[in-house]
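Chains A, B, C and D supply the protein sequences, listed in that same order. What the first sequence shows, in the working numbering, is residues 107 to 434, in sequence order. What the second sequence shows, in the working numbering, is residues 107 to 434, in sequence order. What the third sequence shows, in the working numbering, is residues 107 to 434, in sequence order. What the fourth sequence shows, in the working numbering, is residues 107 to 434, in sequence order.
Please keep in mind that the hints were generated in silico from the structure rather than gathered at the bench. Quantities reported herein were computed from a predicted structural model and do not represent experimental measurements. It cannot be assumed that every hint is accurate.
Pairs count within a copy or across copies, as identical chains cannot be separated in the list.
When the alpha-carbon atoms are kept at most 20 Å apart in a straight line, the in silico SDA-like pairs for lysine to any residue are as follows [to be verified]:
#1 LYS284 x ALA266
#2 LYS284 x THR312
#3 LYS284 x GLY125
#4 LYS284 x GLU193
#5 LYS284 x LEU349
#6 LYS284 x ARG230
#7 LYS284 x THR394
#8 LYS284 x GLN151
#9 LYS284 x LEU261
#10 LYS284 x PRO190
#11 LYS284 x ARG234
#12 LYS284 x GLU150
#13 LYS284 x PRO117
#14 LYS284 x VAL156
#15 LYS284 x ALA197
#16 LYS284 x GLY300
#17 LYS284 x ALA371
#18 LYS284 x LEU426
#19 LYS284 x ARG376
#20 LYS284 x ASN149
#21 LYS284 x HIS305
Protein chains: 4
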Amino acid sequence: MIMHYSVNNIPVGVLGASGYAGRELCAIIARHPRFSLAFATANEQRGQRVRLGGRDVTFIASDDAPLADAAIVFAALPHGASLPWVERTRAAGPRVVDLSSDLRPGNTATPAVYGMPELGAATRAAIRTADVVANPGCYPTSILLALAPLAARGLVRAGATIVANAASGVSGAGNAPKRELLFAEVADDYRAYGVGNTHRHVNEMTATLAGFGADVDLVFTPHLLPVARGILATLTVPLAEPLADPVAFFREAYAGEAFLEVDDAQPTLRDVVRRNVVRLGATMLAGTRAPMLLVTSAMDNLVKGAAGQAVQNANLMCGLDETAGLLA
Amino acid sequence: MIMHYSVNNIPVGVLGASGYAGRELCAIIARHPRFSLAFATANEQRGQRVRLGGRDVTFIASDDAPLADAAIVFAALPHGASLPWVERTRAAGPRVVDLSSDLRPGNTATPAVYGMPELGAATRAAIRTADVVANPGCYPTSILLALAPLAARGLVRAGATIVANAASGVSGAGNAPKRELLFAEVADDYRAYGVGNTHRHVNEMTATLAGFGADVDLVFTPHLLPVARGILATLTVPLAEPLADPVAFFREAYAGEAFLEVDDAQPTLRDVVRRNVVRLGATMLAGTRAPMLLVTSAMDNLVKGAAGQAVQNANLMCGLDETAGLLA
Amino acid sequence: MIMHYSVNNIPVGVLGASGYAGRELCAIIARHPRFSLAFATANEQRGQRVRLGGRDVTFIASDDAPLADAAIVFAALPHGASLPWVERTRAAGPRVVDLSSDLRPGNTATPAVYGMPELGAATRAAIRTADVVANPGCYPTSILLALAPLAARGLVRAGATIVANAASGVSGAGNAPKRELLFAEVADDYRAYGVGNTHRHVNEMTATLAGFGADVDLVFTPHLLPVARGILATLTVPLAEPLADPVAFFREAYAGEAFLEVDDAQPTLRDVVRRNVVRLGATMLAGTRAPMLLVTSAMDNLVKGAAGQAVQNANLMCGLDETAGLLA
Amino acid sequence: MIMHYSVNNIPVGVLGASGYAGRELCAIIARHPRFSLAFATANEQRGQRVRLGGRDVTFIASDDAPLADAAIVFAALPHGASLPWVERTRAAGPRVVDLSSDLRPGNTATPAVYGMPELGAATRAAIRTADVVANPGCYPTSILLALAPLAARGLVRAGATIVANAASGVSGAGNAPKRELLFAEVADDYRAYGVGNTHRHVNEMTATLAGFGADVDLVFTPHLLPVARGILATLTVPLAEPLADPVAFFREAYAGEAFLEVDDAQPTLRDVVRRNVVRLGATMLAGTRAPMLLVTSAMDNLVKGAAGQAVQNANLMCGLDETAGLLA
């Protein structure tokens, strides 16, 4: 198939544009120097015009989307509803970045290329040529990028249990109207959910960690924060031996990465909201008989945890600078 | 010394009444059926009249407090500043409930009676006759009451590490004006602090756990929530063997306790704010090779985590019903 | 009809108990010294058991409510849906406090007794013997109680326009799941709504003000606050002549009222939430050629603005102390 | 004095850079295509390095500022402290945009050029050549830009009272640590302040309105919102005659203005935060005997209400495009 577009103006489409991730995608695309929005679908809100990223966007029905007009289609559809649209889009020609969990590791026997570029050169190469990229989940992005360098260098104690507590803003739960997400229910409250290692993201993380060759258990407990945006993951990691300078370790591991920040101070949500970054802090724990590392990882769940990372992947797929449209 | 008061009208005083815990104390005392407020001190705000618990309270300077007029004095002074006032108060006659960390286990070679009544009959007996009770810290109350039944029955795996992540509302940091506690700094944010197992409460918890005979490491990481009140602790506990029904276990362990609630659903801050309770949830974790238990523990940091528990201790010291003035 | 109950244990029912006002009603009734809850209906949530005011309440379907078992039925049903249930309840025997707007002045040709006791002795007398009381709306309660003493004494300038700006917490919009009420939509935002003098409460206020004999226009603009509870109304009132001491004026006007507070300081939401009070501030405005008064009026929309005032009315209807169950 | 810089790289300085407006200024300057930051002062925090707008900024003491190196100096100092620094800066050469109230109309007998470009061509011309521009206050910007077109066309009823209620996020109160601005004090609360037409901004607005030739009284009541950023002003304006289409009126009045938005829907804080715009809504009021208009005006107090408007003025002073660095 011959694409009739120039690298300076690459048409992209968004399926499922009315959700929080879909809106963020449209806003990033509106400010992107090379992408232009070919269509944005939202069945329930079709016909509505909204302002996103300084541009007016009119939602159309998914069935009316001119799929073949796009070079890249972002599928921001609900988990379970995405796969048929990925196939339909591929049949029409465009390559796909799928933001659902349908094609991620641990969720299907035949996962797509997992779109987490900072995992390294091999992952980036695979993303560049992929027809379909499975965009990672929000929690997995914040947690796996904190664990990957430790696992890759064999620093995690074999047979150990990594405890990953994380807290997310409410936008992570989507914008379908549910009583438990009303302002008067969420304000001033805080709770754990998906308790017992049962959250949908556990399989995605466990499968990816196994791919690193890490012989570990992972315990993941998410919490709901009374804020709109942001994730902070707090990871307790048993090590094979102490790290003399954990901050320096992560800085070296991610040297040259535009979207990974490592600081001496603790990262907070304010450091990362509306930006396409994961920001890490790391400290050895005092008072434990075996060496243990505490890593904190902050991220905007809608940007680096969803729409921003999706555009980062699309940049790679189109041969653009990975940071195009993603620096403040 | 002869106390000139009846059991129906017991005079109590508050040192350090202008902080959040001190104000909560005055409010609880105002509604208490047996206690009456003899004095409330606040050096900086002396002379100010505030309405607390439906009563007008006028703060006086600590040096002007008629210590000897009270049967019980609550010391809600800053850590480090409390000990001299405990001694001065004792010299004047009254018994003391000290809300600072000065006399808690792990903070001094000669701790006072640790005022956590739900630890059991021996603790209650010691509180009843104590001259000085060290009121537990907020995080330790929520965490130790979740761990105590497990430790007491030898269920925690020997040599294991308990990971205690907890998040607290901002009132836990006090009401001294600090830039980092301004609304415009805290709103929409979330962060870890005291990272590296360095928080002041670690010693208190470690010393108490050792007293239970538990051979464990504890890793404690507190976080700052953008809410005014409430603590939720999330505990990952390696067990010697699986618990068939963790909820039933805690229900049985705390049967008859007025201030311990155990529910099938996850406890949230809303369940506990403005109430003198700790509310627990418990679930075995899936997907770990060795048995691990997840316990969540919700509490109001200013009530059961401070002023409420202090009054609970004072009730015991005065021979009153332990719940007097503490049920909604 | 002979009621088979003692004044010490008066059975009351709640129709529409799952909304915010309905839940608040159940909680107040649970703590009320004389009322006991005969039934609580919630069609969608029938069968659910919830804890309200320290008691377990199980919702039943409205059609299953044993209406005749109650002495008083509180109807907390949606506007428009209430009237048939008021009639059905009356036919079964009980007297009714209706929290909807269906029977309020300005909403029907034949309004019920308007249940705002602080309007004076005649109103209280009418409430005591009423079969049906229309419980006032939240905004009208906060605004009319601020204006009534001025209107009653002829102090408002004839032909003038009173400007009433008010802001309400989100619980005022109910707990039906709507996208615009989601936490991630409401947090950090603030907006006017019902703009153009079109809010449902305008008629209720205009009709009541006309009943006072006030020859005024009223401009009412409500706003949505990012808080769960509370209303603050800010009223600009042209006067016929200056008031020398507006605070003293309101104190005298409401002398002896348990639920009206007047203070020198500006009332804030914190002063009133979870309490059955309206709290007023009043100041003459500088820099205007004709005399103008600024009155601020703070109130909890779910308590004095709904459930608390409903119980206050029911207390009067049952010959009880008006404050029964309503003081903290 | 000869300035040694090119129009492509204009050095600017910030006095008082650690406050909220000062930080916002540094962030806007960091992203500005033509301005570069010559210095940023903050006496208390001198030596501190902070990241603002993606650049590291190190604060220096005001006395160490190389004033003469800048073409434009922004003075973001406290009210009352600014004037001496304006004079000192002028003596060193640079032109000044002063964000304090010291040189605004109504605050001094000899006000500087009032930097509200949208007042029209004459104002813009005066700003372009001014040595010192007084940057308007936040409330006055949101209120005066809503009133100016009405006043300029003689539409406001002579002798009438305009009622301006407004609510601001907490950042408007600055970041000096004060107890009443702590998170635990402000959260869930809402209050009026500066009641009685006594706020510092009243003079600024009254003087400017008089300059329009409007014969009106203004009643201004500000409120404190539990949000970090944003102002919404709600204006009730008696008109000489009805406006057939108020939205069209404002659209025409502000045709071609980049930073004035007029919409059919009610503007909310979300529409404007982090953007250099005032967004207006307008509706004729029903139910009043004389014609009255309701105008709502939303704005980010730190951007169009402070730092953004300051840069807009500096753009004009330097002969740049007025929107340089100010479009998202």
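We went through each hint and held it up to the structure:
no. : hint            : result
1   : LYS284 x ALA266 : neither (38 Å within a copy, 40 Å between copies)
2   : LYS284 x THR312 : neither (30 Å within a copy, 36 Å between copies)
3   : LYS284 x GLY125 : both (14 Å within a copy, 14 Å between copies)
4   : LYS284 x GLU193 : neither (30 Å within a copy, 33 Å between copies)
5   : LYS284 x LEU349 : neither (45 Å within a copy, 34 Å between copies)
6   : LYS284 x ARG230 : neither (38 Å within a copy, 41 Å between copies)
7   : LYS284 x THR394 : neither (43 Å within a copy, 32 Å between copies)
8   : LYS284 x GLN151 : both (17 Å within a copy, 14 Å between copies)
9   : LYS284 x LEU261 : neither (43 Å within a copy, 40 Å between copies)
10  : LYS284 x PRO190 : neither (26 Å within a copy, 29 Å between copies)
11  : LYS284 x ARG234 : neither (38 Å within a copy, 41 Å between copies)
12  : LYS284 x GLU150 : both (16 Å within a copy, 14 Å between copies)
13  : LYS284 x PRO117 : neither (34 Å within a copy, 34 Å between copies)
14  : LYS284 x VAL156 : between (22 Å within a copy, 18 Å between copies)
15  : LYS284 x ALA197 : neither (35 Å within a copy, 37 Å between copies)
16  : LYS284 x GLY300 : within (17 Å within a copy, 24 Å between copies)
17  : LYS284 x ALA371 : between (37 Å within a copy, 18 Å between copies)
18  : LYS284 x LEU426 : neither (39 Å within a copy, 41 Å between copies)
19  : LYS284 x ARG376 : between (27 Å within a copy, 18 Å between copies)
20  : LYS284 x ASN149 : both (19 Å within a copy, 18 Å between copies)
21  : LYS284 x HIS305 : within (19 Å within a copy, 26 Å between copies)
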